[in-house]
Each structure stands twice: as C-alpha cells, then as structure tokens.
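Line by line, the protein sequences give chains D and L.
So this note's numbering is basically just the index in the first sequence, starting at one, shifted up by 7.
So this note's numbering is basically just the index in the second sequence, starting at one, shifted up by 7.
Since the hints were derived computationally from the structure, they do not count as laboratory data.
Any given hint could be a false lead.
Remember, identical chains collapse to one label, so a pair may be satisfied in a single copy or spanning two.
[As the list claims (entries may be wrong)] Calculated cross-link-like contacts (lysine-lysine; reagent style PhoX-like; alpha-carbon spacing at most 25 Å): (1) K490 - K553; (2) K508 - K481; (3) K553 - K208; (4) K549 - K488; (5) K378 - K490; (6) K481 - K385; (7) K423 - K378; (8) K206 - K488; (9) K508 - K490; (10) K488 - K378; (11) K208 - K378; (12) K553 - K488.
There are 2 protein chains.
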Amino acid sequence: MTRICGNADDFAASALRGFCLAYHDVVRPVRGGVLRAKPGASGKVALVVGGGSGHYPAFVGYVGEGFADASVAGDIFASPSTQAIINVAREADRGGGVILGYGNYAGDVLNFGIAAQRLQAEGIETRVLATTDDVASADDAHRAARRGIAGDLTVFKITGAAAEAGLSIDDVARVGHHANDWTRTFGVAFGGCTIPGEKEKLFEVPAGRMALGLGLHGEPGIDEQAIPSAPDLATLLFERVLAEAPSGVPRTAAVLLNGLGSTKQEELFVLWDHLSALFADAGYSLVAPLVGEYATSLEMAGCSLTVTWLDDELEPFWRAAVETPALRHGVIEGDAMLALPRLPEPDVVAFEADSRDGRAGGICVAAALSKLSQALGKAEAELGRIDAQAGDGDHGQGMARGSSAADRAAQRALAKGAGARTVLGVAADAWADRAGGTSGALWGEGLRAFSTALDDTSRPTLEQLADGSDRALKRIVELGKAKPGDKTLVDALWPFVETLKTTLGGGERGAEAWRAASEAAQAAAEGTRDLVPRLGRAKTHKERSKGYPDAGALSLALATCVIADFFVETTG
Amino acid sequence: MTRICGNADDFAASALRGFCLAYHDVVRPVRGGVLRAKPGASGKVALVVGGGSGHYPAFVGYVGEGFADASVAGDIFASPSTQAIINVAREADRGGGVILGYGNYAGDVLNFGIAAQRLQAEGIETRVLATTDDVASADDAHRAARRGIAGDLTVFKITGAAAEAGLSIDDVARVGHHANDWTRTFGVAFGGCTIPGEKEKLFEVPAGRMALGLGLHGEPGIDEQAIPSAPDLATLLFERVLAEAPSGVPRTAAVLLNGLGSTKQEELFVLWDHLSALFADAGYSLVAPLVGEYATSLEMAGCSLTVTWLDDELEPFWRAAVETPALRHGVIEGDAMLALPRLPEPDVVAFEADSRDGRAGGICVAAALSKLSQALGKAEAELGRIDAQAGDGDHGQGMARGSSAADRAAQRALAKGAGARTVLGVAADAWADRAGGTSGALWGEGLRAFSTALDDTSRPTLEQLADGSDRALKRIVELGKAKPGDKTLVDALWPFVETLKTTLGGGERGAEAWRAASEAAQAAAEGTRDLVPRLGRAKTHKERSKGYPDAGALSLALATCVIADFFVETTG
Numbered sequence: 008m009t010r011i012c013g014n015a016d017d018f019a020a021s022a023l024r025g026f027c028l029a030y031h032d033v034v035r036p037v038r039g040g041v042l043r044a045k046p047g048a049s050g051k052v053a054l055v056v057g058g059g060s061g062h063y064p065a066f067v068g069y070v071g072e073g074f075a076d077a078s079v080a081g082d083i084f085a086s087p088s089t090q091a092i093i094n095v096a097r098e099a100d101r102g103g104g105v106i107l108g109y110g111n112y113a114g115d116v117l118n119f120g121i122a123a124q125r126l127q128a129e130g131i132e133t134r135v136l137a138t139t140d141d142v143a144s145a146d147d148a149h150r151a152a153r154r155g156i157a158g159d160l161t162v163f164k165i166t167g168a169a170a171e172a173g174l175s176i177d178d179v180a181r182v183g184h185h186a187n188d189w190t191r192t193f194g195v196a197f198g199g200c201t202i203p204g205e206k207e208k209l210f211e212v213p214a215g216r217m218a219l220g221l222g223l224h225g226e227p228g229i230d231e232q233a234i235p236s237a238p239d240l241a242t243l244l245f246e247r248v249l250a251e252a253p254s255g256v257p258r259t260a261a262v263l264l265n266g267l268g269s270t271k272q273e274e275l276f277v278l279w280d281h282l283s284a285l286f287a288d289a290g291y292s293l294v295a296p297l298v299g300e301y302a303t304s305l306e307m308a309g310c311s312l313t314v315t316w317l318d319d320e321l322e323p324f325w326r327a328a329v330e331t332p333a334l335r336h337g338v339i340e341g342d343a344m345l346a347l348p349r350l351p352e353p354d355v356v357a358f359e360a361d362s363r364d365g366r367a368g369g370i371c372v373a374a375a376l377s378k379l380s381q382a383l384g385k386a387e388a389e390l391g392r393i394d395a396q397a398g399d400g401d402h403g404q405g406m407a408r409g410s411s412a413a414d415r416a417a418q419r420a421l422a423k424g425a426g427a428r429t430v431l432g433v434a435a436d437a438w439a440d441r442a443g444g445t446s447g448a449l450w451g452e453g454l455r456a457f458s459t460a461l462d463d464t465s466r467p468t469l470e471q472l473a474d475g476s477d478r479a480l481k482r483i484v485e486l487g488k489a490k491p492g493d494k495t496l497v498d499a500l501w502p503f504v505e506t507l508k509t510t511l512g513g514g515e516r517g518a519e520a521w522r523a524a525s526e527a528a529q530a531a532a533e534g535t536r537d538l539v540p541r542l543g544r545a546k547t548h549k550e551r552s553k554g555y556p557d558a559g560a561l562s563l564a565l566a567t568c569v570i571a572d573f574f575v576e577t578t579g
Numbered sequence: 008m009t010r011i012c013g014n015a016d017d018f019a020a021s022a023l024r025g026f027c028l029a030y031h032d033v034v035r036p037v038r039g040g041v042l043r044a045k046p047g048a049s050g051k052v053a054l055v056v057g058g059g060s061g062h063y064p065a066f067v068g069y070v071g072e073g074f075a076d077a078s079v080a081g082d083i084f085a086s087p088s089t090q091a092i093i094n095v096a097r098e099a100d101r102g103g104g105v106i107l108g109y110g111n112y113a114g115d116v117l118n119f120g121i122a123a124q125r126l127q128a129e130g131i132e133t134r135v136l137a138t139t140d141d142v143a144s145a146d147d148a149h150r151a152a153r154r155g156i157a158g159d160l161t162v163f164k165i166t167g168a169a170a171e172a173g174l175s176i177d178d179v180a181r182v183g184h185h186a187n188d189w190t191r192t193f194g195v196a197f198g199g200c201t202i203p204g205e206k207e208k209l210f211e212v213p214a215g216r217m218a219l220g221l222g223l224h225g226e227p228g229i230d231e232q233a234i235p236s237a238p239d240l241a242t243l244l245f246e247r248v249l250a251e252a253p254s255g256v257p258r259t260a261a262v263l264l265n266g267l268g269s270t271k272q273e274e275l276f277v278l279w280d281h282l283s284a285l286f287a288d289a290g291y292s293l294v295a296p297l298v299g300e301y302a303t304s305l306e307m308a309g310c311s312l313t314v315t316w317l318d319d320e321l322e323p324f325w326r327a328a329v330e331t332p333a334l335r336h337g338v339i340e341g342d343a344m345l346a347l348p349r350l351p352e353p354d355v356v357a358f359e360a361d362s363r364d365g366r367a368g369g370i371c372v373a374a375a376l377s378k379l380s381q382a383l384g385k386a387e388a389e390l391g392r393i394d395a396q397a398g399d400g401d402h403g404q405g406m407a408r409g410s411s412a413a414d415r416a417a418q419r420a421l422a423k424g425a426g427a428r429t430v431l432g433v434a435a436d437a438w439a440d441r442a443g444g445t446s447g448a449l450w451g452e453g454l455r456a457f458s459t460a461l462d463d464t465s466r467p468t469l470e471q472l473a474d475g476s477d478r479a480l481k482r483i484v485e486l487g488k489a490k491p492g493d494k495t496l497v498d499a500l501w502p503f504v505e506t507l508k509t510t511l512g513g514g515e516r517g518a519e520a521w522r523a524a525s526e527a528a529q530a531a532a533e534g535t536r537d538l539v540p541r542l543g544r545a546k547t548h549k550e551r552s553k554g555y556p557d558a559g560a561l562s563l564a565l566a567t568c569v570i571a572d573f574f575v576e577t578t579g
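Here chain D stands alone, though its shape is the one from the complex (with noise of 0.2 Å):
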C-alpha cells in the first residue's frame, strides 16, 4: 500500500512537482505535465504522451531527447483533462505539428480525442495514437478495443525516435500505428495495489494464485491459477504472446519484460535467464531487450512480456539514442546475448610429485572429509532448527554445503595424484567458497591453515594433526576474534586441541588422544546452553538463544567426532 502521502488529494501532483525537481536537467514543468528542458528542433514534431499517474516511469519519465517531447500526467489512474492536454500539447509544439500518445481506455479516448479536434481547430497539425498491445483485453477480432500496458514504452519510444529523425507528422503517425500493429503484450499480477489514502486495495489476487490478463489497474483478469514455477511462467508468458504475433512478422524484436511495482529485479532477472532461452530456440534476434520497471500499477506485484516485432524501418528506431529518466543509452549496436558463455572451472592447485605415500595420505584425508560430509548432511535440518534460536537458521545448511563441496573437491585433487596437504588445502577452499556466510569462511580458513601443518609426500602423522588442530584453532580465533565463553565453535575447539596436546604429550596412541579431545569438544559443546552470545549478535537473538547449545559448537563437536570415529575404523 501506498505509506508516503500525506494530503490523499495532493498525491498525485506532489509526486510530479518531486519529479520535476529531481530531474530538472532533464524535464521542466508546465500546467498539466512536463515539457523537455531542451526542446527538440524547430519544425520537428512533437510527441506528447500521457495518461493517469500512478505508472512511473510511464509517462513522466518518458520525456527526453530522442523520446517524447512531453508528457500529460492525470491524476492517479485518471486520465488528463482535455484542458491539459491541449496546454502541454500547445507548448510542446516545434511547429511540426503533434502527435498524441496514450493507452486506449475510455477517459483517456475521451479527453485526447477532443484535445486533439480542438488543437487541429486552432491550426495545429494533430494526429492520435493510442495503444492496443494488451492481448488479454479483447480477442484478435476486436484488436481496435484492446488496453494499451507496456508496450507504450516500445511504441512510443520508436515512435519519438521517427520524430527525432526529422519524420513528417504522417510518417511519424504511420511509423507510431506501424509499431503498434506490430506490439503484443501478456502480464499476470499476483497482488493489487491500494490508490493513495485509501485503506483497501484496488483488488486482490488470492495468496499464492495468479491472475492472467490483468492490466494495469486491476482490470478483470481472463484467468486465474496457480503461481507456477519460474521456467513455467517464463514458457506460459511466451506461448501467449507469440501465440498472437502478426503474421509475416520477422523473427527480430525488442522485447520488455516489465515489473508492475513490487515484483522485484531479481525475480525479473530470474524469469529472464529462463525466456531468453526460449527466444534463442525460437530462433530469434533480440535488439536491446529491456528488463525492468517501464510501466508501473503503485505498488502492484507482477509482471508483462512484451514484444514488438522489427523491421527495417522500426529497427533504426528501436535502437536510437534516448536520454530521458526512464531510459538512457547511445545507439546500441549488435543483438542481445540470449546464451552465457560456459565458464571453465577453477583447477586443482599445483602440489609436490606425486609418491606412494603421498597418496595414501591424500586418500586417508579425503576419506575423512567424506564421512563428515555425510554426518554434516545427516545433521542438517537439526542444526538448522539449534541455529534458528540464535541466528537465521542457516547454519546446518551452510555446513552440509561446505563440506559437500570439500568432500568433492578433495575427490578431483585426488584423482589427480594429490597428497594429505593439498587435498585438505583445497577442499578447504571449496568448503569456504560453496558454505559462504561467516562459519562457511572460518571453516575454510581454519582447514587451511590445518593442511600447512600436513605434506604431500607421506601420511599425516599425529604431530602434525594436533599442530594442525592448533593452526587452525589460532586462525579462527585471529579472523573471528572470538574467546572461549563466547558462545562461538571456539568453545568448543579451544578444549578439543587443548586435551589433543596434553593426551599426545602424555604418549596416548592417536585414536585414544583424538577420542579424548572429541569428548571434552562435545562437552564444551553442551555447556554452551549456560552462555549469552558476545559478538555481532543483536539483542533478541541473544535472549532467544538462552538454554540453546551454540550451533558452531556443536557442529564443531561432531566433525571431531566423525574424525575419532574414522580413526578406530583405519587405525584399529
């Protein structure tokens, strides 16, 4: 809803006086709309472009060198007087007469239709052009009553550039009708939009449900059903609208994938990964395609694809330089990429010839890591939950990724002859690299610094483990700045390598030392249910997390616990 309004009855022409003021390189305000701050040349034709507010960037923002030459804004979701019409559209006149643009709904017919007699009446060259893109608004027989939505932007702005390029009024009119014929338009909304100072929304589409058809004020729909999956709304988006395509259309376009307002970039951008593949097995040509919000429904959740076919004369056109707030580029050259390029993956880092016992290192480590992956994968969800008290509950799927991650990169390294310390170094880096977050980096960084206390030419022995546990504890701590009692892993792998030391130095075999220092881990692990966290944790989290175990102790306790484990198993 819209929370930023103050006088309801005001909105409309306070949102525009912002508008102005905050592009005034750009635009400058006249009764009923705006005009370019620089006007285009003398004798050009004039593009005025309008409707109701509420559609920014449309139609405000579409004013600008090689665009519109003005705009008449309405108030929300109403069309502009005839009145102001005809003052914007006085003033935007170069002499070259005047083209008015709008979306074809009845005020707006209404308004311009009279603006554009009465203009013609007092000598001024007058031609209308309204949109009809909207396929959901009426069937191919009654094209002539169909919405105009989106594609205002692509027709339109082919339109201005014909002006631009110095087109007579008639020409400039057929290349607009031209465009329009050519332009077809599919959107779905999945929430409604509240006018300003109202309580209730416009309309609403029942949670989790799509309606088909919408335009872009809640107009009924044609359909309603399930929000499917990106790839199928991509697939249903597309079939809709080509479904409608000219005939005799070449297989070159400028496409708009458009946001209605509270649909987001990164949804749009996802839906794109998955409809420019459709375009490139369509075997089409795409020309500056354009993903974004172009015109808007107040805070609408949904979106459009649009597509207006090109030829050689809407090419040129479609391509021209624009300078105005809703777009801005040079002339752009080339098609779109419709594929990405493959990236190569990262290589194995180099490591020391390989031996007999460098290996059998290499697979004693990697076959390690592979049973903590599958105990991590295991704990998952469990871990996750712990987290959740203190944290965002990521935490057990941090660590099932990372040590997925490690467990397959130590798998490559040893396929390629690795040994204990290489294999260990970039499974750490992989840990890290897939984990993410804060823990997924310290694990990373703490098996690092663990496998610079191992080689690549013979077993790990047990010095080496327990100066690698102290490696590791010693980086943590340096990158994490944690002390023990601070309710991190550090509570539990200061004791763990502690014991480690003090049981090897006092001659333990390895499993027995190793089992030892995993159960003074677990019991540290469990002893962090008494502790408040200290770092980087706010308020609530700390509250909630009391009588909770630490998830990165615990997680912690329990590789060591793998670990011991796996050393009775291989050592007996």
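Dock chain L against the given chain D, drawing on the hints supplied.
Showing chain L alone in chain D's frame:
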C-alpha cells in the same frame, strides 16, 4: 514476497545469469560475480565491490565505466566466499592494485578481509573500504561498528570515479575513506521482505507502523512509531541525518533518497517534494541528487535518506560521468533545483467589449453555476455511494470538484466584464480540467457546446437556453456514443431537452417549461434503476449496478432542478 522463484537454492545464481544476459553490453560473467565488459585502462586501480545478493542494483549494477570494475555476488543476503572475492579481484586487477568495497557486516568483513590478505600475499596491492553510513546501527562514539547501507552508492561511486581518474591506490583509498567518513544514512521500514523459497517474511512491521533505523536485511531498528504524513517523514529523515553531520562540513552535498523495494517512485517523489524544500531552507546546494532504488532489500517497503557532504576533492568525482546499469550520465553541471518556478495561471479568453446587458447575462450564468456548485457539493457523498455500485465511486467527487472549479472560473471571468457566452465557456473548461475522467470531459464539452448558443452582449433568451441544451446533448452523444437506455447521463439529458423544446414550442413561460423538462429528467434518472449499463463497464460492475440508478443521470437531473429553482428566484 518472492513469487518468481523456481529452485530457491539457485535463485541468486539464476538472477545473476539473467542480469548478465540483460546487460551483456556492460558486464560479463566470471566465477563469483561480474566484470566490466570493456575493461578499464591498463594500470588503473580496480574497484571491486560486493556483498550478498537481493539488494539490486547493489552491487552488480554498480559495475561499469566510472564506477566499479567488478562485483562479487553472494547468495541472498549472504556474504560472498573468500574464494569468489579472490577470483573476481584477480580478474579485475589491471595492474594498479585492487580496492575491495563492501558494507561493514560480519561475514563480509571476514571474507573480504581474508581475501585482501591473500591477494596482497600474491603480489596484488589490495586495500579494503568498508562503508559505515547507517547512523542507527551504532552511536557516534562507535562509528567504526556502523553498517553500510545505501551510502554504498555514493561512497563507491566517488571511489570508482577517483580510480577512473587515474589516482594511485593509496589516493583512491584515501578518497574512498574520506567519502565514507562524510556519509550518513537513516532509514525507515514499513514492511518486511521474504527470502526466495520461504513463506514467512524475514520480519514484520505492524500495519500503519514504521520501524526506524532498520538496515538492509531487517536488522533490529531503534524505535517504532505510527507512519507520519509525507512532510513529517521528510522532516524526520532530514533531522536524523543532519544531526549526525560530521563537524566542519560544507553545505554542499550529494543526496540519495533510496527506495527499499516496494515503496514506489511516486511515493519517493512526494517525499522529495518536501525534502528538497528542507535542504533549500537549510541553505544547501545539492549536486546531482538521486531519487530511486539504488540499494534494495527484495520487496521490503521503506526508504532511506543518505547525505554525502562534498568538498572540492569529492565533488568532481560525484559529478563525473558514469555508465552502469544503476547509474548512467555524463559529467553533471550545475546544482539541483530545490524549488519549482511558479506556473502562470491560465488567462481568461477574449470576449466582445462589455455592455450593460452583456454583464447582466454573465452575472446570471455565474450565479446559476454558483448554485449548482453548492448543490453538487452537498450531494457529493450520496452520488459517490451510488456510483460505487457500478464503478469506482469517484463520480460525486468529480462533480463537486468540477462544478466548484467552474464556479471560481466564472467569477474570475465576470470580474473582467465577460458576458454569458464567455463566462459559461471558461467555466466549462475549468470544470473539465478539474473534474477529470470521463464525466468531467463530457460535462465540460457539453457546457462548452451550450455556451456557443449564447452571446456576450445580451441576457440569455429562452430560445438560446433551449438551443444550448440541444447542442450540449448532441456533443455529449457524439463524444460518449451513448444512446438512451445505456444507463448514462444521456438517459436524463435526452428527455430534458425534448421536453424543453416541446413545452417552449407550446408557448409555456421559461420557468415552467424548464421545470417540466427537469421533472422529466428526474423521472428518467430514477428509471435507470431498471437498466443494465451497455458501455465500457466490466461484467461485475454491470451486475452490481442492478437496482441502482445511474449516478451520472442523477447528477444531471439534480443540476436541471437547481437551475429550475434559480429560474423561479430570478424571474419570479
């Protein structure tokens, strides 16, 4: 919430692919992020920015000439991995070293910090620049602990421009830290956002309330209050940011009014309408201010105000040309416009030289319009209630606004000595201009046609009034294409005109003839209860309108009744 999703695990990666496809002329994909499609000059310092995804155009949209050389993109709201940062930075390095720019969040500090150490160890000169503009995230004494939010845009833009200008890495870093030291942001949130694939919002703000100081991911705010009016919100943001101004700064600044996701451009422009006045009153010169979405949080509702104070070193970098998806402009000259020029009131049209009889005619028409405005003002709510059955309920408001504007315009014309024809013509245009919509246009055009039957040199005659009514009817039918029985104002206007002509022809006195015609109009308006609308109304509206009279016919009948009473008053 996020509706276009598919596989949630792949959301950020898919959005990045879609972005690269849409902007292949500006960026090209690498593992972990994007590079400029056209690399900067050899030897220049490379600015590599990054952070979690979900903040578009932060950070991938900042890549391009004059801004960043590359961007690293993490998962939604999650820091990119150390490996990703290193990989992107290596590719971005042009031999002049790398500056890593990121918001001051724990995960980013860790990953970018480790990456900087490793890059430095590899022999690539590396500096870090963590933004700390969010004044709500820590108090002034702990500025280094503050988060980076929308100030990312201004700080990194200035830093990128310094790198583009060929400064050394230490100078670019110094400029970047200086810009960050002089940047402050304060934000408010009206509603939360949803991680793709999740059903629940990450956080909620109670309806009608506003959280103060929320970060880019819904980090805990510092306070909550009812949403204030637009001017009060402008004052709140202005005062919170200005209260944190660094000491000794000039009154020249870059300003960014940033939308967080579903707060729309129109709302931001309304806020800017008020904010620009506050900056003007405080004696500020603003350079190239920005009003739009530059650092978002998926579909979060809210906005923030960022001020970066500019001295002689920073200002040229802020004005410098830039060519990125987020920001495209040449070198910017001049300051912002902070107040709009006053638009001239439209002048009353010319009329024949005044005469005593002409003036009397003008007075008579103006008085009738004044009565009409009073009556339609009183009927506004009732007409709105009836219209809401079949339409959007704005008929009463439109008639009240239109007739009131006509009344005022008539008084202005009268004051200049205009006669009946001019007074009614001017009033007609004012009616249409202020009422808007379809019925505003029809009334304006109808009254204008009526006025052509009058003259400016005599009192209106009965014959002129009948002729005027007939001309009004013809014009309205011509424009609106309605026939009697279509459930429009024509249902009342048609019998009115027919009865007026018949009774006058039968020799009735003016007042009686008008009264009889008015009664016919009222009966016909009531009779529209039994009709179904035929023109341009959706099926649901048609069904809802059953049993209700047409609001347009009712208001027409009411108008004729008011004039009948006026006849009796003035002619006895």
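Honestly, which of those hints from before does the structure not fit? When the structure is compared with the hints, numbers 5, 6, 8, 10, 11 turn out to be violated.
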